[in-house]
Amino acid sequence: MAMETEIRNLLDCHVVGSDGQPIGKVGQVYLNDRTGEPEWVTVRTGFFGMKQTFVPLANARRSGEEIRVPFDREMIKGAPNIDVNGRLALEEEADLYRYYGMQPSGIPQQRSGEPRTRGPFTGERFAEQERGVPGEPLGERGVPGEPFGGLADERDIDMTMSEERLRIGKESRETGRVRLHKYVETEHVTERIPLSHEELVIEREPISDGETATPLEIREEERQMILHEERPIVGKETRPVERVRIHKRDVRHEEIVEGQVRRERLEIDEEGITRAEGEGLPPER
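Residue numbers (my numbering): 1 to 285.
In case anyone wonders, no lab produced these hints; they're calculated from the structure. Check the hints yourself; a few may be wrong.
The calculated lysine-lysine pairs, modelled on PhoX-like cross-linking and capped at a C-alpha distance of 25 Å, are [what the hints assert, rightly or not]:
#: 1; residue 1: Lys248; residue 2: Lys170
#: 2; residue 1: Lys51; residue 2: Lys25
#: 3; residue 1: Lys236; residue 2: Lys182
#: 4; residue 1: Lys51; residue 2: Lys77
#: 5; residue 1: Lys182; residue 2: Lys248
#: 6; residue 1: Lys77; residue 2: Lys25
Cβ-Cβ distance ranges computed for the label pairs, FRET-style [stated by the list, open to error]:
#: 7; residue 1: Gly101; residue 2: His14; range: 35 to 41 Å
#: 8; residue 1: Glu220; residue 2: Arg192; range: 24 to 30 Å
#: 9; residue 1: Thr5; residue 2: Gly259; range: 40 to 46 Å
#: 10; residue 1: Met159; residue 2: Ala94; range: 18 to 24 Å
Bear in mind the structure is a predicted one, so any value in this text is a computation, not a measurement. Every residue, glycine too, gets a C-beta built ideally from N, C-alpha and C.
Build out the structure end to end from the sequences listed, making use of the hints.
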């Protein structure tokens with residue numbers, strides 16, 4: 001009953017990607033045919049959750065109703081499209097493991113074409129069991145909060161190591177604005193200008209007796225002369241005196257960007273002897 005409870009709990013979970021983005025709700029659970037442990041789940045993706053995509057439970061961790069897997073949303077959505085109505089064939093599961101960059105355990109011991117998984121287990125299947133429809137026996141489960149899958153007598157153990165990397169980019173932001181505005185300024189101007197005017201000059205010249213040929217009649221006579229002068233006239237004209245151009249240019253500089261990233265380290269505990277990754281192996285006995 002413990003395994004049945006575990007599968008029920010998995011069917012109530014939502015899968016979350018390595019980037020923290022929700023992927024979708026668990027649709028079906030597939031068990032390893034040899035160990036009886038949950039090995040795959042399908043995730044409802046696409047519009048209205050109509051598409052179901054296979055996701056491996058290896059290196060996944062469950063917390064409450066969330067299953068966090070070490071793959072992002074885009075990778076899961078691009079997984080091979082496999083029918084979810086039956087068992088996983090050997091070739092299908094190998095394709096999935098190859099896509100996720102994982103080494104399948106126990107596949108070389110199988111014959112080609114032979115399925116490795118029980119299932120699928122769905123909410124409808126549990127409903128059939130409650131109504132008395134016989135189903136397949138369920139085995140034991142792993143410890144909650146630990147990677148799915150129990151102990152197995154394997155020659156090799158695979159574990160995926162991950163690390164975070166800084167993703168550095170550039171953005172353009174506004175630092176200031178420049179406006180050109182011209183205005184009218186009134187200035188008082190004083191200039192000295194030369195002017196001329198006409199004045200009356202009277203010159204008298206006596207006439208000698210010998211120069212008069214014809215006697216003149218004495219009478220009244222009047223003549224006029226017009227006098228002129230220059231006066232200043234102030235006029236204005238507009239003419240260009242200066243052209244102003246403004247342009248912007250790029251100025252290059254460097255800044256130091258710092259951040260913190262996390263990296264997974266491996267620690268091996270063998271019979272009470274703990275050593276970190278990279279330390280030498282103990283001498284053979």
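Now the hints, each set against the structure:
Among the hinted pairs, Lys248 with Lys170 is consistent with the structure: their alpha-carbon atoms are about 20 Å apart, no more than 25 Å. Annotation: proposed proximity of Lys51 to Lys25 holds, straight-line Cα distance about 11 Å (limit 25 Å). A C-alpha spacing of about 20 Å is found between Lys236 and Lys182, which places the hinted pair at or below 25 Å, so the restraint holds. About 9 Å separates the Cα atoms of Lys51 and Lys77, which keeps this hinted pair within 25 Å; it holds.
At most 25 Å may separate the alpha-carbon atoms for a hinted pair to count; Lys182 and Lys248 meet this at roughly 20 Å. Of the pairs offered as hints, the one joining Lys77 and Lys25 holds, with about 13 Å between alpha carbons and a cut-off of 25 Å not exceeded. Look at Gly101 against His14: about 23 Å separates their beta carbons, and that is not inside 35 to 41 Å. One distance hint, 24 to 30 Å for the beta-carbon pair Glu220 and Arg192, is violated here, with the actual separation near 47 Å.
For the pair Thr5 and Gly259, the beta carbons lie near 43 Å from each other, so the given range of 40 to 46 Å is met. Checking the proposed 18 to 24 Å range against Met159 and Ala94 shows it holds: the Cβ atoms sit about 20 Å from each other.
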